[in-house]
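J.: Given only the sequences and the hints, what does the whole structure look like? Please build it.
There are 6 protein chains.
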Amino acid sequence: MKKILTIGEVMMRLQPPNFKRFKQTNSFDVCFGGGEANVAVSLAQFGENAVFLSKLPANDIGDMCAMELKKWDVDTSHIARGGERLGIYFCEKGASQRASKVIYDRAHASINTLADGDIDIQKAVLGASWLHFTGITPALCDEVAQYLESVLKVCKANGVTVSCDLNYRNKLWSKDKACLVMSGLMKYVDVLISNEEDCKDVFGIVPANSDIEKGELNINGYLATAKIVREKFGIKTIAFTLRESISASVNNWSGLLIEDDKFYHSKKYTLNIVDRVGGGDSFSAGLIHALSNEYEPSDAINFAVASSAIKHTIEGDFNIATVSEVSKLAGGNGSGRVER
Amino acid sequence: MKKILTIGEVMMRLQPPNFKRFKQTNSFDVCFGGGEANVAVSLAQFGENAVFLSKLPANDIGDMCAMELKKWDVDTSHIARGGERLGIYFCEKGASQRASKVIYDRAHASINTLADGDIDIQKAVLGASWLHFTGITPALCDEVAQYLESVLKVCKANGVTVSCDLNYRNKLWSKDKACLVMSGLMKYVDVLISNEEDCKDVFGIVPANSDIEKGELNINGYLATAKIVREKFGIKTIAFTLRESISASVNNWSGLLIEDDKFYHSKKYTLNIVDRVGGGDSFSAGLIHALSNEYEPSDAINFAVASSAIKHTIEGDFNIATVSEVSKLAGGNGSGRVER
Amino acid sequence: MKKILTIGEVMMRLQPPNFKRFKQTNSFDVCFGGGEANVAVSLAQFGENAVFLSKLPANDIGDMCAMELKKWDVDTSHIARGGERLGIYFCEKGASQRASKVIYDRAHASINTLADGDIDIQKAVLGASWLHFTGITPALCDEVAQYLESVLKVCKANGVTVSCDLNYRNKLWSKDKACLVMSGLMKYVDVLISNEEDCKDVFGIVPANSDIEKGELNINGYLATAKIVREKFGIKTIAFTLRESISASVNNWSGLLIEDDKFYHSKKYTLNIVDRVGGGDSFSAGLIHALSNEYEPSDAINFAVASSAIKHTIEGDFNIATVSEVSKLAGGNGSGRVER
Amino acid sequence: MKKILTIGEVMMRLQPPNFKRFKQTNSFDVCFGGGEANVAVSLAQFGENAVFLSKLPANDIGDMCAMELKKWDVDTSHIARGGERLGIYFCEKGASQRASKVIYDRAHASINTLADGDIDIQKAVLGASWLHFTGITPALCDEVAQYLESVLKVCKANGVTVSCDLNYRNKLWSKDKACLVMSGLMKYVDVLISNEEDCKDVFGIVPANSDIEKGELNINGYLATAKIVREKFGIKTIAFTLRESISASVNNWSGLLIEDDKFYHSKKYTLNIVDRVGGGDSFSAGLIHALSNEYEPSDAINFAVASSAIKHTIEGDFNIATVSEVSKLAGGNGSGRVER
Amino acid sequence: MKKILTIGEVMMRLQPPNFKRFKQTNSFDVCFGGGEANVAVSLAQFGENAVFLSKLPANDIGDMCAMELKKWDVDTSHIARGGERLGIYFCEKGASQRASKVIYDRAHASINTLADGDIDIQKAVLGASWLHFTGITPALCDEVAQYLESVLKVCKANGVTVSCDLNYRNKLWSKDKACLVMSGLMKYVDVLISNEEDCKDVFGIVPANSDIEKGELNINGYLATAKIVREKFGIKTIAFTLRESISASVNNWSGLLIEDDKFYHSKKYTLNIVDRVGGGDSFSAGLIHALSNEYEPSDAINFAVASSAIKHTIEGDFNIATVSEVSKLAGGNGSGRVER
Amino acid sequence: MKKILTIGEVMMRLQPPNFKRFKQTNSFDVCFGGGEANVAVSLAQFGENAVFLSKLPANDIGDMCAMELKKWDVDTSHIARGGERLGIYFCEKGASQRASKVIYDRAHASINTLADGDIDIQKAVLGASWLHFTGITPALCDEVAQYLESVLKVCKANGVTVSCDLNYRNKLWSKDKACLVMSGLMKYVDVLISNEEDCKDVFGIVPANSDIEKGELNINGYLATAKIVREKFGIKTIAFTLRESISASVNNWSGLLIEDDKFYHSKKYTLNIVDRVGGGDSFSAGLIHALSNEYEPSDAINFAVASSAIKHTIEGDFNIATVSEVSKLAGGNGSGRVER
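Residue numbers (the working numbering), protein chains in the order written: chain A, 1 to 340; chain B, 341 to 680; chain C, 681 to 1020; chain D, 1021 to 1360; chain E, 1361 to 1700; chain F, 1701 to 2040.
I should point out that these hints are in silico values taken from the structure, not numbers from a laboratory. Glycine included, each C-beta is placed from N, C-alpha and C at the ideal position. Each statement offered as a hint is correct.
Computed list of lysine-lysine pairs in DSS-like fashion (alpha-carbon distance at most 27 Å, straight line):
1) B:Lys342 x D:Lys1143
2) D:Lys1195 x E:Lys1688
3) E:Lys1483 x C:Lys751
4) B:Lys363 x F:Lys1703
5) B:Lys527 x B:Lys515
6) F:Lys1871 x F:Lys1723
7) D:Lys1090 x B:Lys411
8) A:Lys236 x A:Lys268
9) F:Lys1823 x A:Lys123
10) D:Lys1091 x A:Lys101
DEER-style ranges, computed between Cβ atoms:
11) D:Glu1104 x C:Asp800: 29 to 35 Å
12) E:Gly1487 x C:Gly807: 20 to 26 Å
13) D:Gly1137 x F:Arg2040: 52 to 58 Å
14) A:Phe233 x B:Glu424: 34 to 40 Å
15) F:Ser2027 x B:Met341: 50 to 56 Å
T.: Written as structure tokens, this is what we have:
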């Protein structure tokens, strides 16, 4: 059991039931999610000691969120309380030719007031072996970006491995701003997780012949991208999720792990999607678990991809899958026969 | 069919189903409400041409709200679109000894950006005979208070009757601020609606021997309060809702209409409450309908109270009751026999 | 186990969930009900061999209805199949000062085509000791009224006891028509079940000093009514349900059994109503069970009233209560302690 | 914003939730639908001034329907009120090898009593540029067919373009009757919408080598059919929906627009179906919007097909899709990536 | 209408709604199921007189189960009542790469106390033409296995055809025990139903080149297996279900009927699965119906496979499909077009 | 924050939604409960360090239960895992004259296998100030009773205060057995919680003139009972819950605390019941919190009663109420006004 930190925002997700559109619903299913919280929950299911660092409002809505994290065994003892509100995102599930739609109502959330003293960082980092963040956290606001950097410094001083999922969100910041801030943070990063689109959006890296919208893969493009990233930022380990979007209902899904000059392409799955939100985060969690526990590279990328394949079959942001379930799929049993 | 304007904020209400507490739920029932929107909907059910003035965000969440108002026949053509977000209030329904609980997440709502030019006020007021607002609207922020006053001026210039429900909200402003602003607006008001508590909170008027928490009535106290209000602000028509809270499940409910030196105390109802949010607004709507259509004072207060008695049996903020239903109850038939 | 027949229409009931009004709902709870079907189901729960005679459309909607009856152990083998449609009634549940509302969509139902040969009446009546119908059945249309009379003749020829619940429905026929037809059928009736209102509506019998809308009891009025009925139609056994409607949520409920010159007034219950539709039918079923099994008159009326008291706590038209449950309540245990 | 009229019946749809069969359910999801109402709603979402002409019962059930249409911005001011009942259709959603099943309970609906004077047709047509009807409307009864023809005459007198979706319903009339009546109406029609099956059923046009049940396309067959129709009725613009039914869950879907001698075959979509009822109507609405706004023919057919592709992913009869959403899909983006 | 007996356990199935995992749910959908009960229900839908032999606890939970069976026309008059509890199985529905998961809580169920005298076997068997059981029944416990054998003896003495679905459950007994007991029962069996896996698990028959987990078919392997079974136990008629598990959402499905030296391979369906539990039982029911009614062998296997194809589209254990529906699919119409 | 232990069984509760009876439902709401678990959850909401000792099966069902406890901040780290199954109780909610009904399916639960070594008792007790158990725990089976006594010995050795709620369950053991075992355990008990009925059932103490079924209070009877208990077992602090059952919907509720010769009768509440299961446990939790934190006796009993009054308004076994909420009610504010 490793102590693994993640830091970021967690929001309330409000979603019309089944395939109802916003304009059709008169109820919302409630769950909670956010890149780093999702990773923490998944890691806790994998048996790790997952510690989530964030700030929640000091009211019942904040409690709802904290209680959900506790239920899934995430250590919430370092979460600060205060600020104005919990961020919300409204999510309408797509199907077939109709894309899922997300409306953010996250401005003015408590985490934007995260300040020195809110969290005892030294205590939180003590004994930790890994910290994970996504590009969403520094995008929230300058104060949070600075706070994050101060945490990363403590991590590096304590020998903590740092992973980052680029995760560009154009509603939160411009590409220029993202490039400036993220480039500055790369020096703390040991493991970079991305997809082709994010590398393009954040770092402006565009290998030839890729067309993401078309949902077709181009392994060479990813390798070329990784090479540029590696040379620019000195990051040895880079992982890509490779999504081929056939439609909102069916995707192909695989992953690519690049270590130094070697690359490992995972098995590819055709997914009948139940809920794809949090798919990338479940990949990150799988990869962190695998690398933390010294899986072979090819096993690591297969575990990460199997982890996220299962996530696509689970409602909500969180990947409720155990090591045993993921290993079984990664090991080749994807027939879906009933387990009695 | 009178053209009646109301102006104010409308929010999304998120409520755990049945009697679940916030911490127990994983879904929210969705409805929409706000003092002036509630009055508009009820008036539309009474057959009036109800026009709601407000501002909603230009996204699907704003559309959801506007569509709900359209469904209930409210004229939404003057609602401005823009701003950041739709205000939300979380509502946990109480029962017996457990009070209902409301958590507001209304800051930064679109209406706070309401500005000149957003609504064509002259056009909206054209042909209108009445405008209603509550003390919540000027409490939102100074800009909205000023906007409201500018609308009231247009109304007075056009001979529009103005009613105001004091409705003090301590989360929005201090009592001192409320007293200052509301006192300034009273010169535009023809009909004032209140309860004893609001008059105390806003104007500091405290007649002897009242104890609101105990849920006991004190008619003389209300009359004394009305006298002070009438003398201070020159308002001829004052109406009070008289709530005796036995518990969150059972209330006694009646009303008092005071015109000059005369007062009219309505029939009193013992309510088994289904949903009490919006109870005061349904009283306002009943009173406006009755006074607009020149009911006798005693009929008017009985209509207003019957209107709100029915509201307490209806889920959501809106009073889905027709003139025929209210009149039947006001006329004495409250036996609840099945209507076939 | 007695073989007891009932004959009449059964409809699909469509009801908004909880206390939603028609205009608020986007789903309906589905159940089935109709006076005589309700009596049959309740009798089957009491262990009797309840046979329901009716006609249902030969499609899945008719099957849904028949299957529900089978589930509750009603003998459906004599139900004819054919005709155009299953009658529907929309039901909006009231609360407190808001009455429940029923909208009938029952015209053109299959039962209106019930014709000789549809049911093997001789076979159905064979071995039966009792037949029950309500005033709704002959009100459906002339053909059904004639069909009913032909069945009653077979019953009388076979020594079958006949009970009738007057149950006047003003949407189905005029008071004059009802009086004409029902007076003609009284010669077949051994046990008449009514309330004061029905006797007034159908037979024009109005004892002094009664005011049903006010929900106050007037035992003498009922006795006077019974005397007139007894003298006019020669019916020895007459039972009244005595409902005092405080509101749609709270009723007082008792019963009166009159045999020759003696009367037996049951215990009175204050009911917190879950669903009052079918309340009268559960009284009829309780009375039929008690009289069929030769309870003492005072026990019979107490059983009938306890049966219907429990019905008011059960969702749907059907009284899902056993002899043991009813007897326990009739015997005095209404404290509502948990039965473990 | 064009003023576009549609005329026909709208029914209440009662559907077991999810994939439950009729015999399994104890609740129904409620929505409303009917060919011409569906087209009106879709056109209103496209920003057109959609006016629906029909007749609804004057009760809460009729109100429910009218309110739903208002919610979606359809102009309901010309809908007549009266008659006996709202038609109902029960719909059981199929999956894979199990077909969806529809049971109609539409006889005796209010629209069948539609008579001169119920609607002010001159006023309704004033300013309109288009009227749409389906073959269901004249099939309802002779009176409605005559009423429809009278409306079509007014339309032609006012230069209104008329479109007709053949939509043969064998439960409503025979093929012979349909041929007779529909042939008579073709002289008013400018744009004919059909599928191969309808042309065969209504007009007896059977090109060689087609086998609809097999779900295989035969473009030449459609062109041959169009040629016959064009020659017979002088209709210049003919559009076909081309459905290849793989199963109840998966369909291929495309469209064919034929103008004079030219034809335009749209992109083809593989649909994972959420709800296919109303699929044809969303095609009609897309086509009417496109042709009304003078899209190029190939753009028009692609817009119509994209419109209906999205409809298949939406619950209920109505196509809740905007021009922007449809254009994006028609323009090539069907990858289903989350829109944030 | 044949009288067909089935004997075995029926359990309550508790399932999180939709695709929720156990750890996510706060409600369970309730249905009932068990191999032999499932067969009885399906046969009753096919119009047979299906008699289910079992034992249920004498409480409301046992009643719930019996009532559900009655609803579906199963004869429950021979079900014994008593014992401790109704067995439960918790079922989590899988999707795509995530398998469905079943947790049994069936120990100590009432059926394990089934003893001589509980059922009047002579009476139950009287007039019966067929009895069906699965390998689960003798696996429950030794007493039930002996009871079953005593029933089989009565069946053989009365000329009743006996079918057995091998259905190995490793949670109930070891392979060795299963082989011993089942081999002993084969002498009573006329029709054996199995899949390759069960024959391997129970009888240790492993033809070359099969890999069940991979979900690939190997017809020759099945034929070889059948040959061994036929030679060993003298069973003339053997049927296999052939499932190719692509994923938990998509399966290919066909069947193989082997009579003496001839075999009949059915049409193959690609199934989009709604609920696959009970799929095998619906095959058995289809086969029993077909063989009982003397279908041609190829028609019989096609009917059995079509029956089970439809089952995969239906929620719950029971196959709610009629002969007409199955015949239509078996006859080639699987296009899933709406049936109006 | 005190460390407080509770020890006992926790079960899954399966309840039909709303007021449906078992025979009407096709879904169950799921929650978890058991006397000592309920106390632990309530204490955790009061801010105490509540540690629950028990044994759960090592499967997802056991996980569901543990996760729910974690969500509510109960320390689950000492819960043993293993054994056969989680006990279940089916609960049908009563109303008015219909009592709630509980069917236990708790035999063979994991806790019955609780054995030395399953829990590190010394570690669990370390630092604890209080342990609570109910009469249900020793009633489960002899092994659990012995295990409990061994824990009580450790508690006494460590100066831990012990409270016991008598809670007689006649389904678990006879009155004679209960008397024998409970009398033996009284020497460890410092605070005894009971109602009149339990003292009668367990210890045979029957003061004159009490009639529990009638729901009338008899304070002297309770004092007499307490005197006997005190003299017999030397327990100084005794508390009674005083329930007057008007019906299943309405109860009066108060409490009595007796310390040496003094008694303190709390305020009495009239409860409109939402869910009364766990009402006694929430009283115990309130009392333990109050006595642990050295409230004055009259404050303690008022806190305990207010705690349980609120519980009756909350769905599920657990009392989701904070110290602030309970104190406010105990302090006199029970008007149920909305808290904004």
